[in-house]
Structure formats: C-alpha cells, structure tokens
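Asks: So the chains spell out like this:
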Amino acid sequence: MESATVSVQPRRSNASAWGGLLKTNVIWAVVLAIVGYIVAHWLGGKIAGNIAAEQNPGGTDQADIAILLGLFGSIVGWMLGLGFFNYPLKRMLGRPPSLHEGGESGAWRYFRLCTDHKVVAMQYLVATLFFFFVAGLNAMFIRTELTSHNATLFPSGNYLTLVGLHGTMMLTMMSAGVIGPLGNWLVPIMIGARRMAFPRIESLTMWLTVLAGFVLLSATLLGGFPTGWTGYAPLADQARAGIDSYLVSFLLIGISLVLVGLNIIVTVVTLRAPGMSWNRLPIFVWGMVTTSILAVLAAPVLAAALFMVMCDRSIESTFFVSSSGGSPLLWDELFWFFGHPEVYILALPGFGIVLEILPVFARKPLWGYRLAVAGMFGVALMSFMVWQHHLFMSGINANLRPFYMFTTELISIPTGVIFLNGFGTLWKAKIRFTVPMLFCTAFFFNFLIGGLSGVFLSDVTSDVVTHGSFFVMAHFHYTIMGGLVFALMGGIYYWLPKMTGFNLNQTLGKIHFWTMFVFFNLTFFPLFAAGMLGMPRRVSTYNADLHTLNVFVSIMAFCLGLSMIIFIVNLVWSMVFKRERAAENPWHSKSLEWQIPTPVPSYNFEEIPTITGDPYGYGLPEGPVVDFGRRRPAVAAGKAGA
Amino acid sequence: MSPTAAKTSGTVEPRHGRNFAILWAVATAIMVPIIIWVVGPHIPPGSMSDNTRAQHDVDVALTALAMPVLMLVWVFLAYAIKNFRADKTSEAIVDGPPIKGNARIQATWLIVSAVLVVGLAAYGTIDLFVEHGVGGGQGSNPLAKPADAKGALQIQVIGQQWMWTFRYPGYGGVETQTLELPMGRDVEFHVTSLDVVHSFWAIELGVKADAVPGADNVAFVRALRTGSFQVRCDELCGLWHGQMSTTGRVVSSAQFQSWIGATAKRYAGVTKVLPPYSLTYYPPPTRNAT
Numbered sequence: 035m036e037s038a039t040v041s042v043q044p045r046r047s048n049a050s051a052w053g054g055l056l057k058t059n060v061i062w063a064v065v066l067a068i069v070g071y072i073v074a075h076w077l078g079g080k081i082a083g084n085i086a087a088e089q090n091p092g093g094t095d096q097a098d099i100a101i102l103l104g105l106f107g108s109i110v111g112w113m114l115g116l117g118f119f120n121y122p123l124k125r126m127l128g129r130p131p132s133l134h135e136g137g138e139s140g141a142w143r144y145f146r147l148c149t150d151h152k153v154v155a156m157q158y159l160v161a162t163l164f165f166f167f168v169a170g171l172n173a174m175f176i177r178t179e180l181t182s183h184n185a186t187l188f189p190s191g192n193y194l195t196l197v198g199l200h201g202t203m204m205l206t207m208m209s210a211g212v213i214g215p216l217g218n219w220l221v222p223i224m225i226g227a228r229r230m231a232f233p234r235i236e237s238l239t240m241w242l243t244v245l246a247g248f249v250l251l252s253a254t255l256l257g258g259f260p261t262g263w264t265g266y267a268p269l270a271d272q273a274r275a276g277i278d279s280y281l282v283s284f285l286l287i288g289i290s291l292v293l294v295g296l297n298i299i300v301t302v303v304t305l306r307a308p309g310m311s312w313n314r315l316p317i318f319v320w321g322m323v324t325t326s327i328l329a330v331l332a333a334p335v336l337a338a339a340l341f342m343v344m345c346d347r348s349i350e351s352t353f354f355v356s357s358s359g360g361s362p363l364l365w366d367e368l369f370w371f372f373g374h375p376e377v378y379i380l381a382l383p384g385f386g387i388v389l390e391i392l393p394v395f396a397r398k399p400l401w402g403y404r405l406a407v408a409g410m411f412g413v414a415l416m417s418f419m420v421w422q423h424h425l426f427m428s429g430i431n432a433n434l435r436p437f438y439m440f441t442t443e444l445i446s447i448p449t450g451v452i453f454l455n456g457f458g459t460l461w462k463a464k465i466r467f468t469v470p471m472l473f474c475t476a477f478f479f480n481f482l483i484g485g486l487s488g489v490f491l492s493d494v495t496s497d498v499v500t501h502g503s504f505f506v507m508a509h510f511h512y513t514i515m516g517g518l519v520f521a522l523m524g525g526i527y528y529w530l531p532k533m534t535g536f537n538l539n540q541t542l543g544k545i546h547f548w549t550m551f552v553f554f555n556l557t558f559f560p561l562f563a564a565g566m567l568g569m570p571r572r573v574s575t576y577n578a579d580l581h582t583l584n585v586f587v588s589i590m591a592f593c594l595g596l597s598m599i600i601f602i603v604n605l606v607w608s609m610v611f612k613r614e615r616a617a618e619n620p621w622h623s624k625s626l627e628w629q630i631p632t633p634v635p636s637y638n639f640e641e642i643p644t645i646t647g648d649p650y651g652y653g654l655p656e657g658p659v660v661d662f663g664r665r666r667p668a669v670a671a672g673k674a675g676a
Numbered sequence: 057m058s059p060t061a062a063k064t065s066g067t068v069e070p071r072h073g074r075n076f077a078i079l080w081a082v083a084t085a086i087m088v089p090i091i092i093w094v095v096g097p098h099i100p101p102g103s104m105s106d107n108t109r110a111q112h113d114v115d116v117a118l119t120a121l122a123m124p125v126l127m128l129v130w131v132f133l134a135y136a137i138k139n140f141r142a143d144k145t146s147e148a149i150v151d152g153p154p155i156k157g158n159a160r161i162q163a164t165w166l167i168v169s170a171v172l173v174v175g176l177a178a179y180g181t182i183d184l185f186v187e188h189g190v191g192g193g194q195g196s197n198p199l200a201k202p203a204d205a206k207g208a209l210q211i212q213v214i215g216q217q218w219m220w221t222f223r224y225p226g227y228g229g230v231e232t233q234t235l236e237l238p239m240g241r242d243v244e245f246h247v248t249s250l251d252v253v254h255s256f257w258a259i260e261l262g263v264k265a266d267a268v269p270g271a272d273n274v275a276f277v278r279a280l281r282t283g284s285f286q287v288r289c290d291e292l293c294g295l296w297h298g299q300m301s302t303t304g305r306v307v308s309s310a311q312f313q314s315w316i317g318a319t320a321k322r323y324a325g326v327t328k329v330l331p332p333y334s335l336t337y338y339p340p341p342t343r344n345a346t
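Line by line, the protein sequences are chains A and B.
Following the numbering used here, the numbering of the first sequence begins with 35 at its first residue and continues without gaps.
Following the numbering used here, the numbering of the second sequence begins with 57 at its first residue and continues without gaps.
Hints may contain errors.
Unchecked claim - Derived DSSO-like pairs: lysine-lysine, alpha-carbon spacing no greater than 27 Å straight-line:
#1 B:Lys156 / B:Lys144
#2 A:Lys462 / B:Lys321
#3 B:Lys206 / B:Lys321
#4 B:Lys206 / A:Lys462
#5 B:Lys156 / B:Lys138
#6 A:Lys462 / A:Lys544
#7 A:Lys124 / A:Lys57
#8 A:Lys462 / B:Lys138
#9 A:Lys80 / A:Lys124
#10 B:Lys206 / A:Lys544
#11 B:Lys138 / A:Lys544
Bear in mind the hints are in silico, worked out from the structure with no lab data behind them.
Kindly generate the complete structure, drawing on both the sequences and the hints.
Replies: As structure tokens, then:
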C-alpha cells in the first residue's frame with residue numbers, strides 16, 4: 035500500500051548545528067508572527083480606524099478589526115516562518131513532489147516542520163504538556179482565590195481571565211493531548227505504516243496547536259476575557275479585546291482538530307499493512323478513528339460560531355444581539371452542538387488507551403472486541419444528539435426536554451459497554467499492577483463517579499438544582515481529569531519508553547499515581563456537595579457556610595498540584611539526567627509497536643510488514659502476530675517474555 | 057497455561073462468579089438503605105417549596121439507584137485486585153485464560169442497561185409533568201403548568217449586570233429590588249435580561265431559569281413555608297458574576313398583600329417613568345462594560 039517511490043533511508047542532512055538556525059524554524063516563526071501581527075494590525079487600523087469610531091458614538095477603546103487582522107497576520111507569519119508555504123510554492127514552480135522537507139535528522143527537526151510522524155508526536159507531547167501545566171497553574175490560582183468566601187485576592191477581571199484561561203486551555207490542549215502525541219505516534223506504527231497520510235498537514239496541526247496556546251495567552255495582554263471557556267454571547271460581544279485572542283485561538287484549535295481528524299481517518303483507511311483487517315485493528319486505533327470522526331464533524335460548527343462572534347465584534351453584525359433581531363440562544367445552540375461532541379473528543383481517547391493497555395497487564399485478550407468498537411461508535415454517534423441538555427434551563431422549547439433527557443441517558447449504554455469490556459478482560463486475569471495499569475484501574479474508578487453524576491445532570495428535575503453549579507464542575511473534572519488525564523498518564527508511562535528509548539522511573543511513577551489518585555478524589559468529590567448546596571460555577575465569592583469545605587478543597591488541590599510536580603520531576607529525571615535504556619518490549623506486549631526496535635527507526639519498518647495475528651492473542655498458542663518480511667528487526671514476536 | 061498452572065500448584069480455582077455476585081448483593085443491600093435513610097434526609101435542597109421536595113425525592117432515588125452500579129464496579133475492582141493477580145514471587149509472564157467474550161453476558165448487560173435507561177427517562181419525564189417543570193425555566197410557552205395557572209401570581213425577574221430586579225405586573229408593574237412572595241400560592245416567574253445571559257437561581261425555592269435578553273423564560277413555584285432564600289446568578293455574566301446575589305422572602309399571604317400594596321404606593325412615581333411592563337425589553341447593547 036505504501037508508495038514505492040518513497041526511499042527507505044532518510045535523506046542525509048548537510049546542515050551543521052548552525053545551518054539549522056538559518057533554515058525555516060520556530061525562531062523565524064516567532065519573529066514573523068510578531069511582524070505579521072504588527073503589519074496586519076497597522077493595516078487594519080488604516081482600513082477601519084475611522085469606521086469603528088463613527089459606528090461607536092459612545093466611544094471605544096478598542097479596534098477589533100485591527101486586532102483580529104493582527105492575529106490573523108500572526109498566523110500567516112507563523113506558517114511562513116515554519117516553512118509551510120515552501121512546498122506549495124515549489125510545486126507551483128514545477129518542482130517534483132517530495133515527502134521531504136530537508137533536515138530530518140539532528141535536534142533542529144524538533145523545532146521545525148518535520149514530516150516524520152514520530153517527531154511531530156514528540157513535539158505535540160511537549161507542547162500539550164507545557165500548556166497542560168500552565169492551565170493547571172491557573173487552577174492553583176483559582177483555588178487560592180476560593181480559600182476566602184468574600185475577600186478577593188485577584189481583581190475580578192483577572193480572576194475571570196484565570197478561569198477562562200484554565201478552562202479554554204485545558205479543553206483545547208487536552209483535545210489535542212492524546213490524538214496529537216499518542217495518536218500521531220502510534221496510529222501509523224500500529225497499522226503497519228511508515229507515515230501518516232498527510233505528513234505536512236500533520237505537522238501543520240501540531241504547529242497550529244502551539245500557536246493557539248500562545249494566542250490564547252495573549253488574551254492577558256489585551257485585557258483578558260470574562261466569558262470562561264464557553265464564550266457565551268452577548269457577553270463575548272461586549273467584552274474587551276482579550277476575547278479576540280480567545281476567538282482566534284479556539285478557531286485555530288478547531289481547524290487543527292478537523293485536519294488531524296481527517297489525517298487519521300485517511301491514514302487508517304488507506305495505509306493499513308496487508309493483513310491488518312478491520313477486526314484486527316487495535317482498539318486504540320478505533321478510539322482515534324471515532325475521536326477523529328467527532329472532530330471532523332463537530333469542530334466546523336464551532337468555527338462558524340466563532341466567525342459569527344468575530345463579525346459581531348468587528349463589522350457590527352448582530353447575530354447575537356437581541357435588540358437588533360439576533361439571539362443569544364443561537365450561540366448556546368451552536369456552541370454546545372460542538373461542545374458536547376467535544377467532551378467525547380476528550381473521553382474516547384481515554385477509552386482507547388485503557389482498553390489497549392488492560393489486555394497487556396491482564397495477560398488476556400481484549401474481552402468483547404467487537405462490542406467495544408460498537409460502543410465507541412455508539413458514543414460517537416449519540417454525542418451529536420444530546421447537546422441540548424446543556425440548555426435545559428435556557429428557555430428553549432421545553433417540549434424538547436424529555437427527548438434530550440432520554441438521549442442523554444441512552445448514551446450511558448455505549449459508555450457502560452466500555453466498563454464491561456474492561457471487566458471482562460480483568461476476569462480471571464493474571465494482573466500485574468505496573469504504573470500504567472494502576473492509572474487504567476483508577477480510570478474505571480473515577481470515570482464511574484463521573485458517569486453516575488452525569489445521570490443526575492441528565493434528569494431535568496435534578497438538573498434544576500445542579501445545573502451550572504460546582505456539581506457540574508466536579509462531574510466533568512471526574513470524566514475529563516479522572517478519565518482522560520488518568521488514561522493519558524497511563525499511556526505516557528506505558529509508551530514513553532518506546533517513544534524516547536528511555537525508561538521512566540517506576541517508583542516515582544507509583545508515588546505520582548497514588549498522590550494524584552488520592553488528592554484528585556479529595557479535591558473533586560466534596561465539590562459535588564458544594565454545587566448542591568448552592569455554589570455556582572466561576573464565582574469568586576460564595577456563601578460563608580461553604581467556607582470550610584472550600585478551604586479543604588483548596589488544600590487538596592494544592593496537593594494534587596504537587597503530584598503533578600512529581601510527574602514533571604520523573605519526566606526530567608528519567609529523560610534527561612538518569613537515562614536508562616528501555617528494553618524493546620518491556621511490558622511483553624504482543625501488539626505491533628512493541629515488536630520493532632527501540633528507538634524506532636525513521637521509517638518504522640524496513641519492509642511493510644504482513645499482519646498475521648490478533649494483537650491481543652494472550653494465552654493463545656498462536657505464532658507471531660506479524661511477519662516482517664526478509665529484513666526482520668531484532669526482536670521476534672511473542673518470544674520477548676521468555 | 058493458567059489452568060495447568062493452577063492444577064500443578066494444587067489449588068482449586070474458587071467459584072469466582074458466585075463469590076462476586078454474593079459480595080455485590082451484600083454491598084448493595086448495605087448501601088441502599090444507608091442512602092435512603094441515613095444520607096437521604098441530608099441531601100439538598102430542603103423542603104421549602106413543592107419544587108425542592110420533588111428535587112430532593114429524585115436525588116435520593118437516583119443516589120439509591122446508583123448504588124447497585126457503583127457497588128458493581130467497586131466490588132468488582134476490589135475482587136479483581138485481590139483475586140486476579142499475577143504471581144508476584146515469579147518473574148515469569150503467565151497468560152490468563154484466552155476468553156474473548158461471552159455473547160450471553162454482553163446481551164444481558166445491554167438489555168439491563170437499556171431497561172434502566174428507559175425507566176430513568178420515563179421517571180424523569182413523568183416527574184417533569186407532574187411537578188409542572190420542577191422549577192426549571194420552560195421558555196415562553198411552558199408545557200407543564202400547575203392546575204390553576206390562571207390564578208398564579210406573576211413576578212417578572214429581570215437580570216442585568218450585576219443585580220436582580222423584580223416587577224409585579226398584577227400590581228401596576230411596580231419594580232422592586234427585593235423579592236417577596238406569598239406562601240401557599242402558585243407563583244409564575246417570567247425571567248428575562250437586559251444585557252447578557254444570566255441565570256436566576258433561587259436556591260432554597262428550587263427555581264432555576266436562564267435570563268436571556270429578548271427572551272421570556274417561565275418557571276413555577278409554590279412555597280410551602282415562610283422564610284428567606286438566596287438568589288444567585290448561575291450563568292457567568294461578567295465581572296461581578298459572583299456578587300450578583302440577593303435574599304428573597306416567603307411571607308404569609310396577608311403580609312405579602314400589605315407589603316406589595318405599600319411598595320406599589322411608595323414607588324408609584326418611579327413606576328410611571330419606567331418602560332411599560334413587557335415580557336422582554338430591548339435596551340441598546342453595551343460594550344466595554346467589563
């Protein structure tokens with residue numbers, strides 16, 4: 035299936051360390067992004083300065099046209115600096131097609147457009163973890179503010195900006211947090227391919243994600259934004275220029291999600307190795323495919339809605355201004371039509387990781403493989419039919435509420451299937467509780483609480499109490515942090531030795547797990563009660579009788595933050611200072627990615643392998659699961675455990 | 057591999073299915089009564105209105121129903137962690153039995169969860185109609201109304217950055233900054249906003265309805281005893297969202313009549329210059345308010 039014209043050997047790079055500096059790379063990208071902002075902002079001021087002043091007789095301290103154009107200018111500069119326009123220009127000039135961007139070896143490839151999916155995945159991992167920790171730090175500030183029920187530590191606007199940054203950054207970066215690093219790294223290798231279908235687009239999605247993070251942070255320079263991650267109009271229409279950063283940043287993530295989704299779907303459909311039939315596809319790949327379907331279908335709606343707010347703010351359209359015939363409810367509908375599939379974009383990768391790791395440490399085949407795939411597709415499909423449960427109290431047509439209550443509860447069936455698969459796999463197993471396995475076990479513990487609290491929110495009667503309160507906040511932290519982030523941590527401990535070639539410290543890993551698990555639950559479980567007792571989300575002050583509860587939660591949250599520091603220490607210690615070479619198959623897994631050498635060669639497989647067996651064939655007397663052809667790599671399948 | 061290993065080491069595999077089922081049944085039998093009779097009475101939001109009673113009952117029912125599921129997972133995890141471990145003393149990797157699935161268990165699981173879901177949805181829907189919307193905002197054309205909706209006291213709730221005001225159309229459309237309502241009479245809230253989206257949450261009354269500019273959102277309540285209740289904004293509305301709260305009072309019918317009469321008289325001059333009572337208001341949009 036692989037094109038025969040692709041050469042197996044990576045092109046030798048002539049560039050020295052200093053030569054890399056002169057080529058397109060992230061330094062040029064930063065410079066040109068700033069230049070692009072300045073030029074486009076100036077242009078926007080020239081075009082629209084007078085118009086804006088006339089149309090806002092009340093006076094304005096902002097020029098949204100100039101700021102939005104400036105932000106778009108910085109996107110162009112960023113892509114120019116990274117060299118994303120080089121290839122299209124070369125093709126226009128009649129040069130032959132090529133997969134290479136030059137300089138695909140050496141350290142510089144991590145700082146530029148690179149078409150090696152493993153390099154892009156590592157870039158993704160570093161970038162999303164960086165923003166994950168920035169957003170986590172914001173959460174620490176939020177919890178600090180909430181240690182007092184009436185005093186304000188931060189000025190109100192800054193506090194809301196912290197809330198918005200935490201929410202938006204977590205949501206956007208964690209949407210990319212699994213599909214980016216693990217998806218891009220594992221999907222080609224798991225299906226026996228040498229690359230993703232569109233390597234340049236793959237790199238583009240990664241660099242757009244990085245830019246999105248920094249554009250979002252630029253909101254702090256433009257006055258912050260008061261809307262939280264949901265960006266409700268008309269508050270977004272009314273807000274200061276910081277909201278423009280939010281809009282452009284979310285738009286970039288939306289575009290990135292669509293592209294990464296298309297890339298993964300096309301890769302899985304077209305680049306599977308011979309013998310990799312649909313019912314041999316690893317469950318993690320199915321998780322990525324279903325996530326991609328959601329991303330491709332949901333993110334364009336968000337992009338459209340964001341454009342409408344941009345138009346409201348810059349060219350004085352009135353999509354969300356009720357006094358001019360618009361409707362704020364339009365934003366609610368469009369946003370949540372994206373927003374609910376989005377939360378499953380944050381859940382399905384977790385299902386994929388957990389069900390992929392469980393069989394390895396249970397030493398049993400994945401129980402009910404077909405049902406698991408059906409469950410993932412069920413979740414993906416159903417997630418487009420439930421969004422109005424976010425609007426139960428909003429005053430939309432009340433006749434729809436029983437329907438959305440029913441569909442929301444219906445989605446627990448395919449989700450419950452994932453639990454059945456996990457438990458079937460653990461039944462009579464020979465479990466080894468390694469660090470990845472601990473995280474996967476905790477996933478079920480946490481996600482169950484998230485799921486059961488979701489039943490309260492789906493029931494309209496109960497939702498009247500809990501809607502928009504800290505109960506909701508605890509609920510989605512149980513599903514996203516307790517679910518996705520725990521699964522992601524498991525995935526990192528499981529696959530990072532293969533990705534980098536170095537082992538993570540298992541003792542520190544266990545300390546990390548236990549502190550994170552205990553303090554995660556102590557942080558978020560009490561917040562269910564806070565919500566039911568009348569604490570709305572995103573407040574900086576609350577009723578005095580909830581003070582003790584909130585102080586307790588804040589202390590637990592700081593301890594949760596400390597557990598993240600243990601993780602960072604482990605990462606830095608194991609990857610930089612105390613490097614210990616990883617074995618080729620340390621977990622004795624039967625899936626394809628563990629049968630190739632560590633570190634993985636640039637083109638993954640010297641010859642496209644033929645898949646001959648089930649990746650979960652534990653306990654079965656089957657032979658090797660893969661035939662590497664004449665040039666077999668060092669490790670033979672299935673023998674590693676002996 | 058494993059059956060042979062078990063045989064050679066002389067241990068008899070216990071009947072895991074039966075043991076697990078017993079443990080689960082015992083845990084459930086312990087937890088459900090605890091939830092209903094020990095935890096249940098403390099579950100918010102109290103019993104000040106017909107809504108909060110219904111909400112309390114539903115929350116207790118859902119928590120009790122959640123227990124079998126919660127125990128299924130927790131007991132299973134505990135059971136698996138205790139019984140399905142690899143031999144720690146040996147470095148050798150031993151495979152478990154290659155069970156790939158079980159159609160009967162899968163079908164049973166799907167059927168049971170489907171029955172639960174249909175039951176929950178039916179319960180929720182019936183509750184929604186019997187309790188006339190349970191205090192949730194139902195939009196301008198409410199589906200579920202109390203029996204004598206015509207006789208309900210109408211109160212308009214107006215959200216604006218960052219305060220609540222209340223208009224009583226039955227008393228000349230007088231606008232007040234304090235919310236008072238009579239005990240034992242159906243109240244029909246009409247919630248709207250002048251600027252951005254707010255959400256009217258009368259916590260102890262069990263009422264929650266978004267205040268959307270240009271939209272009329274109706275919610276019903278009948279207060280069952282007198283006392284005060286908190287009103288908070290439940291939808292992020294800008295800078296002082298957290299401070300957008302007030303205290304309301306439920307008073308006896310006679311007290312309410314004298315209060316509203318006095319208030320209408322006192323604010324008569326103000327009422328005259330107010331915009332005439334309407335279900336929605338369209339002030340020009342503001343910018344830069346934050």
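Asks: Going straight from one Cα to the other, do lysine 138 of chain B and lysine 544 of chain A come out at no more than 27 Å?
Replies: Measuring from Cα to Cα gives roughly 19 Å; hence the hint holds.
Asks: Is it true that the CA of lysine 156 of chain B sits at most 27 Å from the CA of lysine 144 of chain B?
Replies: Measuring from Cα to Cα gives roughly 25 Å; hence the hint holds.
Asks: Measure nothing beyond the straight line between the CA atoms of lysine 206 of chain B and lysine 544 of chain A; if it is 27 Å or shorter, mark the hint as holding.
Replies: Distance of about 64 Å is beyond 27 Å: violated.
Asks: Quickly compare the C-alpha distance for lysine 124 of chain A and lysine 57 of chain A to 27 Å and report which way the hint goes.
Replies: Roughly 16 Å separates the two Cα atoms, so the pair holds.
Asks: For the pair supplied as a hint, lysine 462 of chain A and lysine 321 of chain B, is the alpha-carbon distance within the 27 Å limit?
Replies: 78 Å, violated
Asks: Between the alpha carbons of lysine 462 of chain A and lysine 544 of chain A, is the straight-line distance 27 Å or under?
Replies: 24 Å, holds
Asks: Within 27 Å, alpha carbon to alpha carbon, are lysine 206 of chain B and lysine 462 of chain A?
Replies: 64 Å, violated
Asks: Does lysine 124 of chain A lie within 27 Å of lysine 80 of chain A when you go C-alpha to C-alpha?
Replies: 33 Å, violated
Asks: For the pair supplied as a hint, lysine 156 of chain B and lysine 138 of chain B, confirm whether the alpha-carbon distance does not exceed 27 Å.
Replies: Distance of about 22 Å is within 27 Å: holds.
Asks: Is the Cα-Cα distance between lysine 206 of chain B and lysine 321 of chain B 27 Å or less?
Replies: 25 Å, holds
Asks: Is the hinted pair lysine 462 of chain A and lysine 138 of chain B satisfied, with a Cα-Cα distance of at most 27 Å?
Replies: The hint holds at about 11 Å.
Hint violations for this structure: numbers 2, 4, 9, 10, all remaining hints satisfied.
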